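Visitor: These are the residues of each chain, in order.
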Amino acid sequence: DVKVTQSSRYLVKRTGEKVFLECVQDMDHENMFWYRQDPGLGLRLIYFSYDVKMKEKGDIPEGYSVSREKKERFSLILESASTNQTSMYLCASRLKQGVNRGYTFGSGTRLTVV
Amino acid sequence: SQKIEQNSEALNIQEGKTATLTCNYTNYSPAYLQWYRQDPGRGPVFLLLIRENEKEKRKERLKVTFDTTLKQSLFHITASQPADSATYLCALGDDKIIFGKGTRLHILP
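Chains as they are written, first to last, in this note's numbering: chain B, 1 to 114; chain A, 1 to 109.
The hints are simulated quantities; they were obtained by calculation from the structure and are not laboratory data.
Errors might be hidden in some of the hints.
Partner residues aside, some chain A positions facing chain B, computed with beta carbon under 7 Å [what the hints assert, rightly or not]:
#1 28
#2 34
#3 42
#4 43
#5 44
#6 49
#7 99
#8 101
Calculated lysine-lysine pairs in the DSS-like style (CA-CA distance at most 27 Å, straight line) [said to hold, decoys possible]:
#9 A:101 with B:55
#10 A:3 with A:55
#11 B:3 with A:101
#12 B:3 with A:59
#13 A:96 with B:70
#14 A:59 with B:57
#15 A:71 with A:3
The structure presented is a predicted model; accordingly, all values stated were derived computationally and were not measured.
By construction, the Cβ of each residue, glycine as well, lies at the ideal position given by its N, Cα and C atoms.
Chain A extracted, bound-state conformation (with noise of 0.2 Å):
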């Protein structure tokens, strides 16, 4: 069946730094893949889609790869600020999409 693995629970970056969030899928190949915003007690916040004949996407200080040979896609923040801290989620699916269960980042300061 179709797997979605983020990385780890929980992620922990200084302030100013790079964070680096991985999601791996198994028994699938998408057509795009998204990444999504979640703050405690709210519903995710679209972020940023990425289509399989794309490489990488930017948004401000966003930016995700996707490598659909190594079925994973990273999704960078640069400059990380401590109102980064939030969980993100990774999604997948042409038509119904499916979701990790997600990477809680915390941005130290």
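Next comes chain B alone, as it looks inside the complex (with noise of 0.2 Å):
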């Protein structure tokens, strides 16, 4: 069963950390994305990733980098977590650009921040 896996289910960190949340999936997808997920805000677009080495800025990218260094593994990046970025993170992939498929989530990382 293809699978895209978050390292973490509950996360808590303290204001002014730096976090990493992992992404990793099997299917030998190009692209990876990450989205927040908050009550009557729904799921909004931070990053998303085409390929390896490559990365676009999706819709709330401020406090967030990101790193894809392989295929497989697509990684959020939370400079100087603040409680603002208290959140369910959702990482999602998809075979290719052009290619009309849905998106396969990983479980989700719910992180709090203190």
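Two chains, two separate frames, one set of hints: put the complex together.
Guide: Following this line, the structure appears as structure tokens:
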């Protein structure tokens, strides 16, 4: 069964810490995405990557960066965590652009910044 | 700007009946539209994709319609069961997709 795996289900970090959220997919997908999901706001795109070493800003990139050194791994980095980054973070992947299939999501990481 | 609206935040349906969820969009002409299911504390799971030249698509008890004139998609679950209770998300886009906020469906036994 194909999978997107997020390294942690729950995470608690302190304000100001640098936080790494890891996402790995085993489907040889080219495209990977990071979303955050908040009540009343839905899913919002933070960053995405269409291929290794490539990255593009989504709708809310401020306070975040990403890394994609290998095709299967896409990391989200909170440079200096703040309480307003408390959220559910979801990683997703897709085979590639132009192939109209659904996204495969991970189970999510619920991050609390205290 | 592009906007997606799902008809209601929550919907209660009696077991065995057909549940119908609505997704409307504005300022956009997507080539295809998707529906996802999300259970509490989990990531969304892809259910169905329908293209702009398809009027209707079915998968088991699920049926999706796509009306590009009305800019609307309807998502139907026939013979609904309590296990169908979840949040259902509509998503559209040709490249980067955008998601609606979802409708929480409760199937009452």
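Visitor: Given the proposed pairing of residue 3 of chain A with residue 55 of chain A, does the C-alpha separation stay at or below 27 Å?
Guide: Satisfied, since the Cα-Cα distance of roughly 21 Å is no more than 27 Å.
Visitor: Minimum Cβ distance from residue 28 of chain A to chain B below 7 Å?
Guide: 15 Å, violated
Visitor: Given residue 101 of chain A as an interface hint, is the shortest Cβ-Cβ distance to chain B below 7 Å?
Guide: 4 Å, holds
Visitor: Hold the hint about residue 49 of chain A up to the distance rule: shortest CB distance to chain B must be less than 7 Å.
Guide: For residue 49 of chain A, the interface hint holds, since the closest Cβ of chain B sits about 6 Å away, which is under 7 Å.
Visitor: For the restraint on residue 99 of chain A, tell me whether the closest CB of chain B is nearer than 7 Å.
Guide: For residue 99 of chain A, the interface hint holds, since the closest Cβ of chain B sits about 4 Å away, which is under 7 Å.
Visitor: Quick check on the hint: residue 44 of chain A CB to chain B CB, less than 7 Å?
Guide: Given a least distance of 5 Å, the restraint on residue 44 of chain A holds.
Visitor: Would the pair residue 71 of chain A and residue 3 of chain A pass a check requiring their Cα atoms to be no farther apart than 27 Å?
Guide: Roughly 11 Å between the alpha carbons, so the hint for residue 71 of chain A and residue 3 of chain A holds.
Visitor: Take a quick look at whether residue 3 of chain B and residue 101 of chain A sit within 27 Å of each other, Cα to Cα.
Guide: Roughly 24 Å separates the two Cα atoms, so the pair holds.
Visitor: Can you verify the interface hint for residue 43 of chain A: is its Cβ closer than 7 Å to any Cβ in chain B?
Guide: With a closest approach of 3 Å, the residue 43 of chain A hint holds.
Visitor: Would the hint linking residue 3 of chain B and residue 59 of chain A be met if the CA-CA limit is 27 Å?
Guide: Roughly 22 Å separates the two Cα atoms, so the pair holds.
Visitor: Do the alpha carbons of residue 101 of chain A and residue 55 of chain B lie within 27 Å of each other, as the hint requires?
Guide: Holds: residue 101 of chain A and residue 55 of chain B sit about 25 Å apart, inside 27 Å.
Visitor: Under 7 Å is the threshold here; is the Cβ of residue 42 of chain A close enough to any Cβ of chain B for the hint to stand?
Guide: Check passed: Cβ of residue 42 of chain A comes within 6 Å of chain B, closer than 7 Å.
In summary, the structure is inconsistent with hints 1, 14 from the numbered list given earlier, while agreeing with the others.
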